[in-house]
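Engineer: Each chain, written out:
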Amino acid sequence: MSSEVISQLDIDRTRGDFHYPESHAFDAGVGLNHATIDYIANVKSEPDWIREFRHKALDVFLSKPMPTNWASEDLNNIIFEKIRYYLSNAQHPTRSWEEVPDDVKRTFERLGIPEQERKFLAGVEAQFDSEAVYSNMKKALGDQGVIFVGSTEGLKEHPEIFRKWFGKVIPTGDNKFSALNSAVFSGGSFIYVPPGVKLKHPLQAYFRINAENFGQFERTLIIADEGSEVMYMEGCTAPKFETATLHSAVVELVAMKGAKIQYVTVQNWSANVFNLVTKRAIAHEEAEVKWIDCNIGSRLTMKYPGVVLKGRKARGEVLSIALANNGQHQDTGAKMIHAADETTSNIISKSISIGKGRATYRGLVHIPKHLKGCKNNTECDALLINSNSRTDTYPAITVRGSGNSVQHEASVSQVSAEQIFYMQQRGLSEAQAMSLSVNGFVNDLVREFPMEYSVELKRLIDLEMEGSVG
Amino acid sequence: MSLIIKNLHARVVGGQTILNGLNLEIEKGRIHAVMGPNGSGKSTLSKVIAGHPDYEVTAGDILMDGKSILGMEPDARSRAGLFLAFQYPMEIPGVSNANFIRAALSARLAEGEELEATEYYADLYEQMDRLEIPRNFTSRSVNDGFSGGEKKRNEVLQMAMLKPTYAILDETDSGLDIDALKIVSAGVNALRSPDFGALVITHYQRLLDYITPDYVHVLVGGKIVHSGGPELALELESKGYDWIREEMAEPALA
Ligand SMILES: Nc1ncnc2c1ncn2[C@@H]1O[C@H](COP(=O)(O)OP(=O)(O)O)[C@@H](O)[C@H]1O
Ligand SMILES: [Mg+2]
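Residue numbers (our numbering), protein chains in the order written: chain X, 34 to 503; chain U, 7 to 260.
What the hints contain is simulated information worked out from the structure, not anything from laboratory work. Since this is a predicted model, take the numbers as computed values, not measurements. Note that the Cβ used here is the ideal one computed from N, Cα and C, for glycine as well. Each hint should be verified, as a subset may be incorrect.
[Said to hold, decoys possible] Heads up, simulated DSS-like pairs for lysine-lysine below, C-alpha to C-alpha not over 30 Å straight-line: (1) U:Lys-157 to X:Lys-491; (2) X:Lys-197 to X:Lys-343; (3) U:Lys-169 to U:Lys-12; (4) X:Lys-491 to X:Lys-233; (5) U:Lys-169 to X:Lys-491.
[Claimed, not checked] Ranges between beta-carbon positions, derived for each pair: (6) X:Val-63 to U:Val-19: 20 to 28 Å; (7) X:Glu-412 to U:Arg-141: 51 to 59 Å; (8) U:Asp-71 to X:Ala-450: 27 to 35 Å; (9) X:Gln-447 to U:Pro-140: 22 to 30 Å.
[Claimed, not checked] Simulated coverage check for chain U against chain X, where a stretch passes if three residues somewhere in it have a Cβ under 8 Å from a Cβ of chain X: (10) 23-37; (11) 125-138.
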């Protein structure tokens with residue numbers, strides 16, 4: 034099947050993808066070598082330690098093979114020499130709103146995206162005009178000692194906290210793409226929440242969005258100190274109209290004793306994007322980390338959020354939804370590494386495959402022999418819409434020792450042509466019928482999501498279904 | 007005003023012909039019963055009228071209140087006032103009955119209009135009570151794990167909620183015990199009005215004791231071969247279909 038897929042990275046211009054000539058203040062050019070690294074470090078005026086970190090990471094990246102042995106052959110179609118690794122929209126782009134295609138504008142309208150955001154998302158503006166909101170929020174957060182800045186500012190202004198954790202949850206050499214990110218990262222957030230501070234409102238990348246933040250190689254580091262609580266929302270449900278075809282982010286979370294972190298992602302990628310992301314958290318004693326991850330679109334997504342349950346009674350959770358439409362492959366899952374007694378983990382994964390879309394679940398639950406009182410629950414459910422769809426489940430559960438319990442359930446269900454016809458006979462269009470089935474399928478999981486995200490997710494599913502029927 | 011089936015020829019897409027010049031007119035305010043042996047094309051007729059993609063119409067027409075519906079999608083036909091109670095209703099896991107019926111009703115509203123939730127539930131509960139359907143039904147998934155009888159009751163409930171102009175009931179009585187049959191029949195009778203026409207497909211005369219038809223037709227080999235009043239059903243019940251087949255054969259012999 035993958036041979037049918039376009040083998041060149043930069044020519045697939047299907048629905049939702051568009052590009053313009055752009056003018057960037059800084060452009061590292063195509064290809065990746067040590068000069069590229071120096072260019073990035075120079076432009077960003079970074080301290081030497083981070084420059085060295087990048088150089089070392091590049092060597093690791095170059096030495097590591099592609100993980101095609103277990104993942105998709107499609108990875109071989111990424112042509113690293115053709116990619117731009119650093120672009121900075123320090124200036125406003127030159128494209129105008131009038132140049133944005135009508136169907137894209139309609140999509141924004143359907144999604145109910147505010148005017149100002151539409152312009153940003155379409156690449157018309159490099160910056161949201163949300164300064165006022167942001168500075169209010171910044172002041173409120175600052176009063177509580179909360180740091181919420183971009184990764185570059187974080188490493189420069191707060192090295193004492195940043196360096197302590199940066200690259201510790203996900204070492205450079207974790208996988209080829211974490212190495213790539215470590216070499217060329219820019220954008221993403223750095224958050225520090227002091228002990229005992231419980232943030233009532235979620236932090237959204239949103240408020241401090243700029244072109245770099247929406248970049249290809251974001252790097253996010255969140256530290257919730259003892260007893261603190263934070264919810265972070267990443268991405269945005271609007272389709273991102275990318276010229277870049279490779280997105281490879283690294284997200285590291287640290288939940289100190291008794292802290293709680295919820296990390297929510299809803300992403301909708303255009304069909305030409307390789308989305309290869311490494312996300313992991315460390316949960317110390319009695320800490321709780323919850324990943325909520327919704328992936329829609331992309332050519333290939335590989336993402337397995339994980340939690341290392343390092344302290345006693347730590348708790349980890351991954352709730353994920355992946356939707357693979359025609360020609361797309363969602364290879365997603367979760368990793369739970371139990372490393373202390375009485376740690377618990379919960380994984381609920383739902384995937385939807387439409388047409389030739391392909392969804393794969395890959396899980397890893399590790400509970401070593403010497404631990405006591407650990408629990409894992411894993412549920413993966415797949416929904417196939419039409420018979421061409423393909424779904425695979427690769428749960429790897431290693432439990433050694435007897436004092437631990439593991440529960441695993443998997444199901445595959447179909448939405449058949451007969452079901453669609455039945456719903457159509459009641460007056461629902463084919464797209465509405467599919468949306469209803471998909472929403473029904475994810476419903477119990479979506480109930481766990483923050484309200485605004487569940488509403489947006491529903492709208493997104495509706496749109497995606499409209500697009501999938503002729 | 008009526009649903010007119012005119013010289014209808016239909017086949018499985020690219021395959022076997024099933025309907026061979028079928029004529030039928032269902033006027034508003036009337037109930038027509040169709041009986042016929044297994045495999046004669048009764049369900050196919052109902053699905054062709056509803057626009058099932060497995061079949062193609064090769065000749066003839068279907069007119070709803072004077073307008074051909076052949077070019078309309080199944081959902082457009084539904085919204086135009088056509089309802090089919092399926093012989094084998096589909097299960098839709100994860101979608102609650104309340105949400106399903108609400109979505110079907112919402113699909114009939116103009117853009118921007120919304121269904122009023124309290125009114126909706128008031129109507130839903132009233133119809134459920136009439137069909138003796140318990141309240142927990144609303145949160146169960148559509149037909150998921152339902153018994154045959156529950157599924158048929160659900161078809162009638164959906165019909166009562168959607169208030170079609172023309173309804174086709176395909177063996178809605180099959181699999182019902184006598185009590186359920188009475189309840190379901192009462193549900194259909196409640197819809198009887200000068201603005202409602204129905205085509206009731208059944209194998210059993212007993213249904214017609216509860217839903218008295220205006221006409222009874224016999225469908226054999228993909229067309230209507232005999233029509234009469236309610237008494238025809240009794241005759242079929244006692245004599246079977248063979249005498250009709252013989253009658254059909256006679257002119258050919260002559
Ligand atoms: N989709 C289909 N594909 C192939 N054959 C079909 C299909 N639908 C109906 N048939 C055939 O057409 C004939 C009539 O079927 P049907 O309309 O279901 O009969 P009835 O409802 O009167 O028992 C049967 O021989 C059946 O096997
Ligand atoms: Mg039948």
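Engineer: For every hint, state whether the structure bears it out.
Structural biologist: Hints, one by one, checked against the model:
1. U:Lys-157 to X:Lys-491: holds, 28 Å
2. X:Lys-197 to X:Lys-343: holds, 17 Å
3. U:Lys-169 to U:Lys-12: Holds, because 25 Å separates the two Cα atoms, which is no more than 30 Å.
4. X:Lys-491 to X:Lys-233: holds, 25 Å
5. U:Lys-169 to X:Lys-491: holds, 28 Å
6. X:Val-63 to U:Val-19: 20 to 28 Å: Cβ of Val-63 of chain X to Cβ of Val-19 of chain U: about 51 Å, so the range 20 to 28 Å is violated.
7. X:Glu-412 to U:Arg-141: 51 to 59 Å: Distance hint for Glu-412 of chain X, Arg-141 of chain U is violated at roughly 29 Å.
8. U:Asp-71 to X:Ala-450: 27 to 35 Å: holds, 29 Å
9. X:Gln-447 to U:Pro-140: 22 to 30 Å: For Pro-140 of chain U against Gln-447 of chain X, whose Cβ atoms are near 29 Å apart, the range 22 to 30 Å holds.
10. 23-37: violated (count 0)
11. 125-138: violated (count 0)
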